[in-house]
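K.L.:
These two chains come separately, so use the hints to put the complex back together.
What follows is the residue order along each chain.
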Amino acid sequence: MKSFDYLRAGSTGEATGAGGAATRFIAGGTNLLDLMKLEVMTPDKLVDINRLDLKAIEETEDGGLRVGALVTNSDLAADPRVRRDYAVLSRALLSGATGQLRNMATTGGNLLQRTRCSYFYDTAMPCNKREPGSGCQAIGGYNRIHAILGASDSCIATHPSDMAVAMRALGARVEIEGTDGTRRTQDLGDFYRLPSDTPQVENALGEAELITAVILPAPVTSRQAYRKVRDRASYAFALVSVAAVVAVEEGKIARADLAFGGVAHAPWRNEAVEAILVGEAPSDALFDRAADTLLEKAKGQGSNDFKIPLLRRTLKATLRELTAEAAR
Amino acid sequence: MKTTLSINGSGHDLDLDPRVTLLDALRQHLGLTGSKKGCDHGQCGACTVLVDGRRVNACLTLAVMCEGREVTTIEGLGAPGALSSMQKAFVEHDGYQCGYCTPGQICSATAMLEEAKQGWPSYVSDDLESRPALTREEISERMSGNLCRCAAYPNIVDAIEDVAGSER
Ligand SMILES: Cc1cc2nc3c(=O)[nH]c(=O)nc-3n(C[C@H](O)[C@H](O)[C@H](O)COP(=O)(O)OP(=O)(O)OC[C@H]3O[C@@H](n4cnc5c(N)ncnc54)[C@H](O)[C@@H]3O)c2cc1C
Ligand code: SF4
Ligand code: FES
Ligand code: FES
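Chains as they are written, first to last, in the working numbering: chain A, 69 to 396; chain B, 11 to 178.
Bound conformation, chain B alone (with noise of 0.2 Å):
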């Protein structure tokens, strides 16, 4: 099936089998390795995409669905020399360890602050009215759909906070 897909500001035309997820075409297709294939049934968030914004698990999602949206990629949030904000918050941090979940977890990071700007509501904030504060509290419920294997959570909480706290 022909498909147009927009990835990181630049068009892909595609000739996909309806069954190929977002991820296998990002993957196999198009060479951006940079997302990954943890669970491939949506549970670990290694592959956490950008689409129109908004964090998604690319394994759970056909490619022929996104025709017609942006997809953002780890590739596409920065590079080698211009890295994010984020990007570099990992470095400084050590926020990993094996690096196996840091695209997923920088990804779901992005768009989990651009979700708090928002004023969007957790499980954890007491008032689901008022502005919620990004304590570490806030920040791992926001991000427990991105499993760390090697339990580099306390520095991956510290990158993230530290983004939100210069951002604020």
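Next up, chain A with everything else stripped away, as it sits in the complex (with noise of 0.2 Å):
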């Protein structure tokens, strides 16, 4: 590991204060201090931010919550708040890694884990999102876990994290603190970037800035699940994910909002997909249709074109569940 200074902030000002181009935030460090370890990303300086007060679940006036940046994956999950009305969420959080990282990794942290694309992984190889430029292995090369949608000539990476999957179906913003001092919320769909010529940029924050919380609107009367497919039944990163809050009135699908992890650079959602699903009677040949409309522009890479069928049948399959009551 490359030598740095430790600062410990003792206030968010302070922490954004210290911030810069070779400064990086450490919160439970599962993601930084593996890649440190590697020399895959080298601080000149750790600010410790996790004396900062950011650790509670507040409601919100809309009723909603406000999630602090530093709290852990495990006490989020086991809120009783999120267990009754965001079940998608403590479902994403409890099928990723295990018990251990759960206690360490925190919100914010769990937002901007890189990817685990093994060429970004390792330092003798080229990696245009860790040396911007010097090319992509992964294309042509073995890629299957990579994406099949939004991805680039640059990179077809993909974003690891379940947690972000289920926030952006519930349509959660997340709250990011300027080196001014002010707070802004944005939606965290716009927060992700696509990965286009520039894989290295990954989302809106600017250097310095804290994430100091994600904001989950008030729930919504549904039924909601997180369908994770994997190498193994636990433990283990997501092959393609799907992330869904349905509600089903009179027959109809009144509600389809539909977040899907393992298959872009971001969390992915498609309107269009979800417009197709709403106002209509549950059935396979209407998922279907979804998943033509998603996977519309879907384009496999050689190792990872099984995410192609694997995904059509992870949506339906979720849907099938979610709509099972109503179809019966």
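None of these hints come from the bench; they were simulated from the model. From the three backbone atoms N, C-alpha and C, an ideal C-beta is built for every residue, glycine too. Treat each hint with caution, since some may be false.
[Stated by the list, open to error] What follows is a set of in silico ranges between Cβ atoms, one per label pair, in the way DEER data are often shown:
#1 Ser71(A) <-> Thr145(B): 46 to 52 Å
#2 His51(B) <-> Gly81(A): 41 to 47 Å
#3 Ala143(B) <-> Asp248(A): 47 to 53 Å
#4 Leu106(A) <-> Gly91(B): 38 to 44 Å
#5 Gly41(B) <-> Gly249(A): 20 to 26 Å
P.N.:
Right, here's the structure in full:
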């Protein structure tokens, strides 16, 4: 590991004030330290943000929840309000990593975790994300875990978070504190960037800016599921995943908020897919039409071609599960 | 960098490079070699210790981040002649072969039972809202962060089931 200076921030202002191009905030450390040991990330300075007062889960005025950036993945998954009203989020969190890692991993750090692309991890290999302009070995190489949607000629990496996929389906917003101390919020969908020709830019966070919270809108009457398909039954990243918040009223789908993981550079959402479902009676034929739209521009890279039919089947299975009573 | 760590109830003044992980501080600087290094990347669980009562991977935490926290290692859970109930159960059920993963398994299992007592659900819990029964399937899922290269899993689950049952 490259040496660095360590500083403990006592306030958010102190944290952003200490930030800069070669500085990283450290929260749980579970992704950052892993990458620093491999020298994939080599900050000169670490600002420890763990003493900041960002650990609360509070109700918002409009009946939603404000989740502090330092709330651990364990605490969020176990919160009674989340288990009751945002089950898709609890399930997604519990499907990720391990008991130990979830005790360390934070809400902010989880959103910002880097891709698991093996070329990104291997500093002997070129990678446009790690070293802009050096090339992408995953294109035409080993790309079993890579993207089928929204990829570019520069990068075909996927975002590995389960939590973020559920938050995308729930319509979460990210709260960010800028270096001038003001806070803004941004829809999670606008927060993440597709790779285009700058895969090193992964989100809308400016230099030294701090995520302070994630805001969940008021809960909706719905059935929710997080279906994750992976190589092992436990403790593995998603090959594909579907987060779904679905409501059926009088035999018709009244709501179908859907987000997809393991398939793109960011949690994927496509409102045209949802529009096909809403107002219709659930049926396999309908679900296939929704999948056709979802996969219209899907492109396999060779070793990940299987994700295209897998995503279709996972979407259909999730929709069947959540509309089952209505279809019966 | 000067750091004071509280480990198994006693304070230790150390002068550490900020790069030193909690695991290396325990093993290299304090001679507490019960915690093991398997992968050094958060993947195997051999380094599991408790920080403020919660199980974490000591290889993915910096020692300097743990100042002011209470760290409990396998050495702090029990000692020869005064084993904890989980340590005893691992002996009784033969919950190991080579023993390398065992300290991590025992620390993890000890904290896992606490999580279950607080009603935390797991990925395999059918109902997120009610208190989960610690079935073998639940135990395996909750312990998936502790790999055992010798595959002593059946006996590890037996040991944990035993302690969970007697504490119920
Ligand atoms: C073995 C293993 C298995 C895993 N399996 C899964 C899995 O199945 N599913 C899954 O979703 N994840 C998985 N993970 C990833 C894990 O969820 C992430 O490592 C974790 O969520 C990162 O959170 P952290 O708090 O530890 O982040 P850190 O490592 O502390 O930080 C990550 C990044 O975020 C930045 N950062 C952190 N907090 C803030 C903030 N408030 N404001 C601005 N920047 C910030 C840091 O500077 C750093 O760049 C796994 C990890 C490991 C090691
Ligand atoms: S897919 Fe992206 S992260 Fe992976 S090698 Fe290509 S540029 Fe790098
Ligand atoms: S040594 Fe820490 S998890 Fe393997
Ligand atoms: S007993 Fe050998 S690794 Fe578990």
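K.L.:
Could you tell me which of the numbered hints above are not met by this structure, giving the numbers in increasing order?
P.N.:
When the structure is compared with the hints, numbers 2 and 5 turn out to be violated.
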